[in-house]
Amino acid sequence: MMSSVTQEELDRLLLGLGHSAMEIGADFSVRRLNELALKWDGRSASEILGQKLIAVWPDISRGKIGDAVREVMRSRVGQTVQATWKGSAGRALDVETAVVPWSDGLLLVSKDVSKRVRAERALEQASDRYRLATLAVEDMIYQWDIAADRLVWADRALSFLGLPLEERATTLDWFVERIHPEDRNRVATSLREALSGPGAVWTCDYRLRRGDGQWAQISEKCFFLREADGVASSGVGALTDVTGRREAEEEVARLQSELVHVARLSAMGTMASTLAHEMNQPLTAIMNYLGMSRQMLDKGDPANVPSVREGVGLAMESAERAGEIIRRLRRMVMKGRVSVETFSVATAVKEAVEFGLLGQRSIHAVQEVDADLKIEGDPVQLQQVLVNLVRNAAEAMNGQEDGSILVRATSREKIARIEVVDNGPGIAPEKKARLFEPFTSTKDTGMGIGLPISRTIIEAHGGQIWAESGVVRGTRFIIDIPKLANKRRQAPAVR
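Numbering (our numbering), first residue to last: 1330 to 1824.
Read the hints as simulated data drawn from the structure, not as lab findings. Bear in mind the structure is a predicted one, so any value in this text is a computation, not a measurement. Honestly, I wouldn't trust all of these hints.
To be verified - DMTMM-like mimics (lysine to aspartate or glutamate), calculated; alpha carbons at most 25 Å apart, straight line:
no.	residue 1	residue 2
1	K1812	E1680
2	K1679	D1731
3	K1743	D1699
What the hints assert, rightly or not - Computed spacing ranges between beta-carbons, pair by pair:
no.	residue 1	residue 2	range
4	E1364	Q1454	31 to 39 Å
5	F1552	R1513	37 to 45 Å
6	A1675	A1757	28 to 36 Å
7	S1525	F1504	17 to 25 Å
8	A1675	E1724	19 to 27 Å
9	G1528	E1649	54 to 62 Å
10	R1399	V1530	53 to 61 Å
11	R1574	K1761	46 to 54 Å
12	D1474	S1525	13 to 21 Å
The C-beta atom is built at its ideal place from N, Cα and C for all residues, glycine as well.
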């Protein structure tokens, strides 16, 4: 067994490799050891040679190295073990020791692997911290090896997806199959475009089937790592279950919608006497025209036929006017699904001004509206806002002889600006700052919910509303609203 190798040759060979070496006799005594072994231990050769292994290094003898020494001495089959080597000076090293048969004894060749062990421990600690971090957050984190088509999921994701711990890795196709069929193509297309582009981040919202079979609303974000040529090689991402948040948002929208509807009913209630008066006029005219026509028919004179025809025609016009008032009232008080549609601002303004000024004979109203201006949204809700602003302006000028209201609508790139301007007394400074807060009214008899609800409607359409008061008199309300509806922020779902 190469026992003819001299100590000098062995030392030279092993020192060249950077290894410690010692020879153990059949009686487990230390026969010889090289300089590196002495350096690790800190004692001289005379203090070690001839001593039993257990006497020189009791801790080592009782540990993994000692177990390997006894087993190899018995079986004459070499082993390699990793253990801690502690010298006489207390210095501890992580070593990898090969125990091999040598002559009638053994040869122990040890390599210092302390750096590697520290790196492994650091990696293990980092892995533990990463695992704990993934458990500490609500997100479901994954690592994606794009080239290998391998998604590795963190613990929280495993329970969400219904995967056992031993099946931590999946393919992309496996995951895509769990996406809702109505969302699947959109998500896959979006991901392909992100991978082929230069971007570092991909985000997407979709529905995903949980492990229990239920659908969850998911918001996903993935960060790509790209090679020098720009090709994405891997990614780290997170799935956030936003089901509860979306349900809460929908509930808030529903409650806002209920409040909007109640406000319209309240407004119609305050206008009840005015509406009754407005309805009484065409109904009275109908009765008069038809009564006159009946009298003419009773006379049986053919010459009265043109007059009768004219009277019936006038009655029909009055009936149509009454019907239009009822139809507008019905639209304002009706509760139903929001209709997000493209509509004419000019038409919405015209109807809102007519409705808002019912019973107001002394107010001079001017409309300056771009005829071609159109926006996407709910026309009934926008009219509700305009009716509220017009009626507020009219009531503020009650008894004022020169009262006037200007409603102007203009196009400004991606937004439409609508202004309602009056020459009334203006807004008191102490009320202006709280104008859009609930239960803050500019009128003595107001409930203070009209303007807050108006702001809710406009902001739900992605717009803004604010007020400016003149130095001497007058108030101007300004609405900026996008021409195109924001698909992520729409008006409340039920109006």
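Against the structure, the hints:
1. K1812 <-> E1680: holds, 20 Å
2. K1679 <-> D1731: Distance of about 21 Å is within 25 Å: holds.
3. K1743 <-> D1699: Holds. K1743 to D1699 sits at ~15 Å (cutoff 25 Å).
4. E1364 <-> Q1454: 31 to 39 Å: For Q1454 against E1364, whose Cβ atoms are near 35 Å apart, the range 31 to 39 Å holds.
5. F1552 <-> R1513: 37 to 45 Å: Violated, since F1552 and R1513 (Cβ atoms, about 23 Å apart) do not stay within the stated range.
6. A1675 <-> A1757: 28 to 36 Å: Cβ of A1675 to Cβ of A1757: about 33 Å, so the range 28 to 36 Å holds.
7. S1525 <-> F1504: 17 to 25 Å: For F1504 against S1525, whose Cβ atoms are near 19 Å apart, the range 17 to 25 Å holds.
8. A1675 <-> E1724: 19 to 27 Å: For E1724 against A1675, whose Cβ atoms are near 25 Å apart, the range 19 to 27 Å holds.
9. G1528 <-> E1649: 54 to 62 Å: Given about 59 Å between the Cβ atoms, the range holds.
10. R1399 <-> V1530: 53 to 61 Å: Since the Cβ atoms of R1399 and V1530 sit about 59 Å apart, the hinted range of 53 to 61 Å holds.
11. R1574 <-> K1761: 46 to 54 Å: violated, 35 Å
12. D1474 <-> S1525: 13 to 21 Å: Since D1474 and S1525 have Cβ atoms about 18 Å apart, the given range 13 to 21 Å holds.
Hints 5 and 11, counting from the list given before, are not met by this structure.
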